[in-house]
Amino acid sequence: MYRIRFHGRGGQGMRTASRILGRALFNEGYYIQDAPRYGAERRGAPIFAYVRCSTNPINERGIILRPGLVVVADQSLLSIPAAGVLQGCTEHTVLLINSKTPDTSLLKQLGFKGIILTLPPLTTQKDDHFPSASCAGGAAALLRIINLPALMKAAQTELSNLPLETLQSNLDIIEETFTTLSKQPTAISPDGPVFVESHNPPDWITLPLEQGGPNIPAIIGSMTSHLMQTGSWRTKRPIIDRERCNRCWWICNTFCPDGAISLDEDRHPQINLNHCKGCLICMTQCPTHAITAIPEHSNKTNDKEKSV
Amino acid sequence: MTRELLTGNGAAALGAKLAGIEYLPAFPITPQTEVIETLSKWIEEGSMDCKMVTMESEHSMVTAAGAAAATGVRTFTATSSQGLLYAAEMLHTVTGWRVPFVLVNVSRGLASPITLEPDHNDIMALRDAGFVQIHCSTCQEVLDSMILAYRLSEDAGVRLPVIVNYDGFYLSFTREPVEVPNQEYVDRFLPPFPTNQPRFSADHPMSQGVAVLGGSAYSYFKYQTHLALLNAGLIYKQITNEFQILFSRSYDPVELYKLKDAEYAFLMIGSFSCKGKEAVDQLRAAGWKIGLVRPRLTRPFPMDELRKSLAPLKGVAVIDQNLSLGMGGVLHQETAAALYPLITRPILAAFVGGLGGRDISAEEFYSMAETIREAVKTGETPPQRLLYTEKENTDMQQLQRIAGTHTTSP
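From first to last, the protein sequence lines are chains C and B.
Quick note on the numbering used here: the first sequence kicks off at 826 and runs consecutively.
Quick note on the numbering used here: the second sequence kicks off at 36 and runs consecutively.
In case anyone wonders, no lab produced these hints; they're calculated from the structure.
C-beta: ideal position from N, C-alpha, C; glycine also.
Be a bit skeptical, because a hint or two may be false.
[What the hints assert, rightly or not] In silico EDC-like links for lysine to aspartate or glutamate, alpha-carbon gap of 20 Å or less: (1) B/426 - C/1035; (2) B/426 - C/1028; (3) B/76 - B/57; (4) B/52 - B/69.
[As the list claims (entries may be wrong)] Derived coverage of chain C by chain B (criterion: at least 3 residues anywhere in the stretch with Cβ under 8 Å from a Cβ of chain B; other residues may be distant): (5) 838–848; (6) 876–887; (7) 1016–1028; (8) 1033–1043.
Please put together the full structure from these sequences, using the hints given.
Below, the structure is given as structure tokens:
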């Protein structure tokens, strides 16, 4: 059985990537299963999707624990343990990363021992395209069991709701990625089941009754959300124009659902970019239109201004 | 017949469309919403002739479904978890009205703590409501069960609503290949809503769901509903035979997998039973005589089928994806009750696992098989076990430290 996992952020099209791959394999006559796991169900939050493929009916269900191929649309997910990108990876796992510069030292530090590949740069770089197309095309190429016509037919079906021009540019990306990655030597091989003879039994425990508070689903500790750095969920970043801000002192920071805006001594609002999710409610609420938005990855110099 | 990739939710919607539903009261809840979204798109496009009404709650939604069915239109509705429980009062009420319709429940754990992920506590909590309960393990089964459910529900010997149940995420959002039956064949199997039964209409006024005092009439009507539900088990067998002739897929009240020469078995319902089958295959490859027993019907409870299939076995691991607080797994209790009158019966090992979407690994199935084999060897019934590991507990303690609840008491 082939087991493939796609990791990305909400809005990057990982469900779509898994569906293009799933349908391409279905078109080639395989039994398949594809499914998303949405996590926080919010744009920018980590999500993953998975595909199983076999020549026989598939009885395995749920999250893939032993992937042969892991496709990573956003490398920044590697350092988020909850995203589980490297869960179950072995020396046989191929990691296909959507980045020109894969962070091999981080991967080594995280104990990844498999093969690292990167998605090829596109000849016609489009500024704001979603990585789903290249991720699907790349994964399809590495499996070596999908022909280009079956892949393109699957993509047309899965992307049929897109405007014609967007559809065409996605199809171009899929074809280009597929063709380029088909030329490199690594191929994913199918993997077997968990064998009874060689399995590790679960370390079940008998759960005792705990008393005195810990067994109530409540959060007593304060500021726990500070531990959850949601700044990486942003696709757009709010920028405050200090000239236009009339220092009303209450509107943007009151409406911020994450409490990520504080006021400095001069009553100027400061956005904590470690927690701002980029919902841009502040932008729509500001009466003087002092807040604008820029694409998150277009202006890296802003990182230096990050306030904590 | 065409082959298509469908999610469980997509399969349920398509089943409703093929069944020719005419009225759809709706209220959204994850992970069921996609069923209604899909149907509303088809209604909007004009590819379905159905009246959809958005209600203000599941309580009203089920009331509307029951009332519509009483007027003689084919009715469908869907919910999940908290929504099913919010409708609980009316679920009991409409079965007393003896009206046929189909309700999809996409299983999801109950609050608190709240979750979006699946287990069977929602559907088990409503097991006494009087609905027929069909539990699905694949997307194919979801689609086919929709068509079977209408036929069963509208049978003159049943006239009860039917719940088609399947797991959130593991089926609701999971796509797999599904054979889509031809409309012509579905129409042959499922005739139009019967017109020869009492129904509401403006020109023939009637009262329904009347009050009775004194207890005798109440006893009569309640027991009639019980008898109709038991009869649904017999009718179910007839119509699934017919279904098999037309569509070449069989849906016995209890599915038996590799049970012929088996000494041991897993007993479970829902989509996780596919994982159980995979474990059976691997255990058999390692020399085990083991199979799997999967009730598709839980109401009516398939008493005879379970007795017949389990009696020859030495040991059965019952895996409950639910927990009746203060007692244990429901499937285990009911199986034990079914086996009690038998002189020779297998040892039962009770497992509670897969709560709130927690996965059950292949390794855990192998260990459950080992537990039941050991129990048979010693002749001692093992205590109920929650599938929960040392690693999970360590992670839990870490969360408790962050939450500030893991304090040392003074």
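These are the hints, each one checked on the structure:
1. Under the criterion of a C-alpha separation no larger than 20 Å, the hint pairing residue 426 of chain B with residue 1035 of chain C is consistent with the structure, at around 17 Å.
2. Proximity of residue 426 of chain B to residue 1028 of chain C is assessed by CA-CA distance (about 8 Å); at most 20 Å being required, the pair is judged to hold.
3. With a C-alpha separation of about 15 Å, the suggested pairing of residue 76 of chain B with residue 57 of chain B holds against the 20 Å cut-off.
4. With a C-alpha separation of about 14 Å, the suggested pair residue 52 of chain B and residue 69 of chain B falls inside the 20 Å cut-off, and the hint holds.
5. For a cut-off of 8 Å, the count of residues in the region 838–848 of chain C with a CB near a CB of chain B stands at 3, and the three-residue condition holds.
6. With 5 residues bearing a CB less than 8 Å from a CB of chain B, the region 876–887 of chain C meets the requirement of three and the coverage assertion stands.
7. Evaluation of the coverage hint for the region 1016–1028 of chain C: fulfilled, as 10 residues show C-beta separations to chain B shorter than 8 Å, against a requirement of three.
8. Figure legend: the region 1033–1043 of chain C, annotated as covered by chain B; annotation consistent (7 residues with Cβ-Cβ distances under 8 Å, at least 3 required).
When the structure is compared with the earlier hints, no violation turns up for any of them.
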